[in-house]
Amino acid sequence: MSGSAWENINSANSVIVNVSGSDGSVIISSSATSVPEGSSLTLNCTYTGNDLVRGIQWVNNGNNMGRKYDIAIEQSKPCSILRIPGLNQTLFNYTCFTLTVFNVTRNNQSDNFKCAAITGVTISSENSVIVNVTVPISTVELTSPTETYVTLNAGELKNFRCRTSGGLPKPTVEWYKTYGYNCNRNGIKITTNMSSLPSAKNGLIEVESSLHFNASSLDNTLWICCAASNVNSQWELSRSKQLEIRHPPPSPPVIDNFIAMSYFKMIENSTERLTCTSTGGNPLASLAWSCNNGIESYPNKSDGSVSRSISWTARRNQDPICTCTATHEAGPPQLVNMHISVMYPPSIPKFKVNGIQVGTTISLINGSTETVECHSSGNPYPSANDFTWRKGKVVVSSNSNSSWIGGIKIQDGGSYKCSVTTTMTPSDTKQSPVTTIESTNATIDVLYSPRLHKLQQINALEGETLTVKCEYMQGNPGKTTVLISRLNDGTNWTKSTHVLQSLKRNDAGLYSCTVRNTMQPTGQNQATVGEHTRHFNVNVWYNTSVALFGLTSHPNEINVTVDENTPLNFFCKVDSNPNSTIILGRSDNVALTKRDGVLHLSFHVQKAGCLDTGRYFCYGYNNYTEAWTAPREHMNVFVRCSPRSSGGQTESNVTGVFGGNATFSLDVVAYPVPSKEGYVWHKWNGATYSQVDSNAKYSVNNSGNSTTFTIKSIEEEDFSTYLLTVSNGVNPKFSKTFNLSPQGVPQCPTGLIASLTTSSSVTIEWVSHFNGGFKQTFVILYKTIESSEYLVLTENELDKKTKNTKTISRLKDGSTYDIILFSRNAIGNCRQNTSIQIETDLLVDDPPPSYSTLIVGLAGGIPAVCVVVVVVAVVIVVVLRKRRSYKKRETRHVLAQGQKQQSLNAVDEDSDDIPNEVENPMYDGFECSAARQDPRDVLYTLPKKKGGDIYTVVDKKTKRLRKSQDSTNQKMKGNEIATKENFNSDGLVYADTVFADQPKGQTLRGTHGGGDTTVYADVDLTKKAKTLPESDGEDGVKRETIQQ
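In the numbering used here, the protein residues as written are 5 to 1048.
What the hints contain is simulated information worked out from the structure, not anything from laboratory work.
Honestly, I wouldn't trust all of these hints.
Stated by the list, open to error - Pairs of lysine to aspartate or glutamate, EDC-like flavour, derived with a Cα cap of 20 Å: (1) 174 to 212; (2) 395 to 449; (3) 483 to 535; (4) 611 to 568; (5) 162 to 151; (6) 413 to 449; (7) 687 to 719; (8) 740 to 722; (9) 787 to 799; (10) 737 to 697; (11) 716 to 697; (12) 598 to 637; (13) 458 to 535; (14) 598 to 630.
Model the full structure from these sequences, guided by the hints.
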């Protein structure tokens, strides 16, 4: 340690180090070992060494080692405090070697006071003392039970609790039993069954003591209390509780002058008196008699005992036991019994059958072996030999029972008499025995059932009326019921005669007649039905019904599933009378087998195939059944088979366009129906097939027996071969290939023939082929060989039809016709036409003149690519084309493919320079979707005829849009018409005409085509045109002209 110890004392926050001096030690002592709260404590510090003490340091570390204060007393100056530590100096006093603490409190409990002696430059020695503060308790209270007098039963446990006030140190509690009210420690000290529970409160210790007291009869009238102390011999005493201990008598009561449990015989109506006594108990027991509603005396208490008497007059059927009971609140009841026997004469005899009490009229069934018992009651009880039976004067039995050997018979019925004799002998020998005889008469009635006469079998026809009658002889009792029963269905009729109206087949079978009466034997709870039954048969002729139909392997099922190649053994059983003709077949009215005059039929399929799946039926008929009205039974058979094509025509070659979609589809026959996962599509990648699934490119839709596969946004690599495999869990799997090719013109029809020719018509036939990916139309051109004009018929393609027919009518008799056939689709015409020549039959009489009208014909076919549409707000637009250079109208002609277009100038009517092709400058060509793949010119032609209007050529090669013709921004003024040029899907220009609102009755003066190129006639919006005919000709045939 650097510097002197005294310097350490003067330094702030000095720390006292426990150092022992080599030449002495510190001894610390206090004025008291324990300091009462509120007293002062003086501590004395003594140094026994030889060194000069320069100072004394007192340190109070508290009871939690947290320093409360320290005081340094300097010795060189007369005992003064070296420094002021900031404490209140009024709380303590000091001398050179002492420290006095004023007013010690409970907070100083266990404080650690330390004294250190400072000599020279070091701490010579130090020592410490622990302060014990004493706080005496002020009270002790007996808190439970709260009542002053505590009542307990002997052997009962009771918990007593006593609580002290707070004090230091912990209080001690003692329990005492005393003989007076005031508690003292001179009584009987209780040393067992005690427990204490200390608790801290406000720095003091409280104690709760519990006593588990077991009451004894010896503790009666004693007092119980507790005493507590924590300082020297200062004891605090509680209040006392007096004990009242209850206990029952030590032994049961006794009956005076009588030996318990013995029997005493007495005559009916005699009087008896009994006395019962109980000794001991706190309090005395309560006595009560139970003896035939006798009269009890008041209890008599004397010398620790209590007694009570009862008197009664003996009566028959009273309680056979008299009981005296001693009851006490501290124990179970105690009792004593006495048995009494009261004698009386026998009662008038009564009768029993089967142990059941009956009257004097006893009914027994003929042949029964019941015993009739005669009985009587009395004391003494009559024995079996005390009875006698008589019929008239004849004794039939010397016993209480009467019976008939071999069963009672009808002649055993009649009047009987039963007598009983008994003798009473009392215990009092001074009385004489008394003998009594009692008798009763009884009538025996013998019961028996009715009997039926013999019945005969009945035959009848279905629909007839049948009368059934039952005849019988009455029994006893005579009231009889008749029941006619049909045994096959349990139908009953409750009259002796029953009429079966309109006899039915289910009326046939075994019948019975039953006659019954109700016999109520005496001694039985339920009546016995006496009955007699005879049977007879009713035979009904009836028509046929199917009883059983199914497969022998599944006899009770109407829906059966089997594997392919499994044998099918059908059976059919009918119900008919007489036998039937049975037919077994399929629901498509196909009879599989038939037999006559039988009741059952079978049919066998050696190996079930997929096509054997179906609904099967069976029916039968006989002489009373019409075959077509006979009822049928059905069942369904499902043959489990692997997938295969349904047999319908499926297109495996599909065409598509770039950017478009293409779809393959297939219907299969299979059972079970393939799941969605059973259909798997593959694509050929040049070396093998790879599976494809639904994604952004492909769409797969599998449902039931159908699947579709769609290729979206077709690209070059999508034109390939695709493979479909179908599985349903039954081997083998089914597979089919499909091809996707670019779209094109259809394949031309072949096999054109005339199958039927008349004088005015011809029926032609041809075979169609692949349509190029679009619906195709068949075009038929026909004309007489003398004519230059072809008439045109069209026939649309029908799905899944390859052989086609068409009838051409309204032909001239005896004429030769050229017929040309080709097909076309959205791409164009097929590559090669086919033609034939036919002759119509010649008629004797001339036919009516022809009214055919010429229409535009098609040579080689017209590609249906682009359509010009004019949208107008009115229904009918009358177009009158003004022509300046021509006087007659000509019919349009269709040019053959590859002809050139020429401009049309004004020429004379008869000029030879009229071109074969003309162009209307109003129309503008525009590229259409079909032209992108197979561009071609569609030209209308003009025949070289004299006069007539000239029609324009539609040039679809021109693909320009003239902005000058766009009038979408024109505004309507007055009666003007707003027009807008539009383009259809093939690129042709057409004009939308929108009429402004017109005043009613006002005529719109005129309209103009797009770009004001063509002038149209005035249109009167106030008038309505007549409905146009549905066809262009009288016969509905479109007529066109072909240039030769």
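**Request:** If any of the earlier hints don't hold here, list their numbers in rising order.
**Result:** Violated: none.
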